[in-house]
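152 is the number of the first residue of the sequence shown in my numbering; add one for each residue after it.
Worth flagging that the hints you see were computed from the coordinates, not collected in a lab. Glycine is no exception: its CB is placed at the ideal position from the N, C-alpha and C atoms. Please note: incorrect hints may appear among the correct ones.
[Stated by the list, open to error] Cut-off 20 Å, straight-line C-alpha distance, at most; resulting in silico cross-link-like pairs (EDC-like, lysine to aspartate or glutamate): (1) Lys243 with Asp198; (2) Lys253 with Asp293; (3) Lys389 with Asp181; (4) Lys254 with Asp298; (5) Lys338 with Asp357; (6) Lys282 with Asp357; (7) Lys253 with Asp272; (8) Lys281 with Asp248; (9) Lys319 with Glu365; (10) Lys281 with Asp293; (11) Lys319 with Glu342; (12) Lys243 with Glu207; (13) Lys319 with Asp357; (14) Lys156 with Asp343; (15) Lys362 with Glu375; (16) Lys165 with Glu375; (17) Lys196 with Glu271; (18) Lys253 with Glu375; (19) Lys196 with Asp181; (20) Lys282 with Glu271; (21) Lys156 with Glu308; (22) Lys156 with Glu168; (23) Lys253 with Asp181; (24) Lys345 with Glu292; (25) Lys345 with Asp272; (26) Lys319 with Asp343; (27) Lys253 with Glu342; (28) Lys156 with Asp298.
[Claimed, not checked] Distance ranges between label pairs, derived from CB positions: (29) Asn180 with Asp298: 34 to 44 Å; (30) Asn209 with Ser160: 19 to 29 Å; (31) Ile390 with Ile218: 24 to 34 Å; (32) Ala258 with Gly339: 38 to 48 Å; (33) Ser176 with Glu292: 32 to 42 Å; (34) Trp262 with Glu292: 36 to 46 Å; (35) Lys389 with Asn209: 26 to 36 Å; (36) Pro261 with Pro388: 41 to 51 Å; (37) Ile309 with Leu240: 13 to 23 Å.
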Amino acid sequence: MQTAKLFISNSNLKQIEFIPKKEYSLNSNDVIIYTIYLPSFINLKSDLANFLNSTEINRAERFHKEIDGNRFIIYRSILKLILAAYTKLDVKNICFDYHSNKKPYLASHPWLHFNISHSEDYAIIAVSRKKVGIDVEFMSEDFNFNDILPDIFNENEILSIQNAANRKHAFYTSWTRKEAFVKALGKGIDEDFKYIPCLDGQHIIDTTLLKTTENWKVFSLNIEDQYRAAVAMECLPKITPNIVLFTLPNTINTLIGN
């Protein structure tokens, strides 16, 4: 049986303010993460919509709730601005292709890996030269997760959640780790989701489960008190990735680097 290694841990990264022009560089072991507090960008919605094509505008208009359409406009346009900066393309020329699992990529720049997640008031984007996945979740007070635990966690993981001092925090920590990892793999949530590890430490995984032979690392991230997030990246066991967590400013001139 061929195996791969997966290392999982918490991260003590702190968000720092993003400085355009200085910061749009990407080395081989970099994972750059951008957090977007969506309400602070709502006044820029009209300006940001100018960076979207007609298909994307139509998609925004199909949301049942206006707030969800506005959120889509904000995080989709900012994603395109970020990718334009790394690729040196005009943002109007950022066009997404899609793998069979609907994961977007840039056919013109296959070396640039990216992933995006959003939940309630936050969106989060990860960019890397290696395969990467990211997930953020709002820790809802109303969501009763107890009934679904056996469907998505193994016995040890369930015990870890049930014995935790803060069960909600433990649930969302475990969930976001699994979700970020399967997004990095391009698998999505399927029948294998339950067997994706999520507890701290190093894990040995059958590569037939991963559908890949690479080694991986997953880190939990602190975004805000009511949110949990995680990032997963392709990474050799002896390599320490350079993870940077940026807070994006809510001005057009700063976003486009003027």
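Here is how each hint holds up against the structure:
1. Lys243 with Asp198: holds (14 Å)
2. Lys253 with Asp293: violated (30 Å)
3. Lys389 with Asp181: This hinted pair holds, its Cα atoms lying about 15 Å apart.
4. Lys254 with Asp298: violated (29 Å)
5. Lys338 with Asp357: holds (15 Å)
6. Lys282 with Asp357: holds (19 Å)
7. Lys253 with Asp272: Given that 20 Å is the threshold and the Cα spacing comes to 24 Å, the pair is violated.
8. Lys281 with Asp248: holds (18 Å)
9. Lys319 with Glu365: violated (31 Å)
10. Lys281 with Asp293: Cα-Cα ~37 Å, so violated.
11. Lys319 with Glu342: Answer violated: Lys319 to Glu342 is near 24 Å, above 20 Å.
12. Lys243 with Glu207: OK: Lys243 and Glu207 at ~12 Å, within 20 Å.
13. Lys319 with Asp357: Violated - the C-alpha atoms of Asp357 and Lys319 are around 30 Å apart, more than 20 Å.
14. Lys156 with Asp343: holds (17 Å)
15. Lys362 with Glu375: violated (33 Å)
16. Lys165 with Glu375: holds (11 Å)
17. Lys196 with Glu271: Holds - the C-alpha atoms of Glu271 and Lys196 are around 17 Å apart, at most 20 Å.
18. Lys253 with Glu375: violated (29 Å)
19. Lys196 with Asp181: violated (30 Å)
20. Lys282 with Glu271: Distance ~26 Å between Lys282 and Glu271 Cα, so the pair is violated.
21. Lys156 with Glu308: Satisfied, since the Cα-Cα distance of roughly 18 Å is no more than 20 Å.
22. Lys156 with Glu168: violated (33 Å)
23. Lys253 with Asp181: Between Lys253 and Asp181 the Cα gap is close to 25 Å, so the pair fails against 20 Å, i.e. violated.
24. Lys345 with Glu292: Measuring from Cα to Cα gives roughly 23 Å; hence the hint is violated.
25. Lys345 with Asp272: violated (28 Å)
26. Lys319 with Asp343: Not satisfied, since the Cα-Cα distance of roughly 23 Å exceeds 20 Å.
27. Lys253 with Glu342: Holds, at roughly 18 Å.
28. Lys156 with Asp298: violated (30 Å)
29. Asn180 with Asp298: 34 to 44 Å: holds (41 Å)
30. Asn209 with Ser160: 19 to 29 Å: Violated, at about 42 Å.
31. Ile390 with Ile218: 24 to 34 Å: violated (41 Å)
32. Ala258 with Gly339: 38 to 48 Å: The hint (38 to 48 Å, Cβ to Cβ) is violated, given that Ala258 and Gly339 are roughly 20 Å apart.
33. Ser176 with Glu292: 32 to 42 Å: holds (41 Å)
34. Trp262 with Glu292: 36 to 46 Å: Given range 36 to 46 Å: holds, Cβ gap about 42 Å.
35. Lys389 with Asn209: 26 to 36 Å: Roughly 47 Å apart at Cβ, these two residues miss the hinted range, so it is violated.
36. Pro261 with Pro388: 41 to 51 Å: 25 Å Cβ-Cβ, so the 41 to 51 Å window is violated.
37. Ile309 with Leu240: 13 to 23 Å: violated (46 Å)
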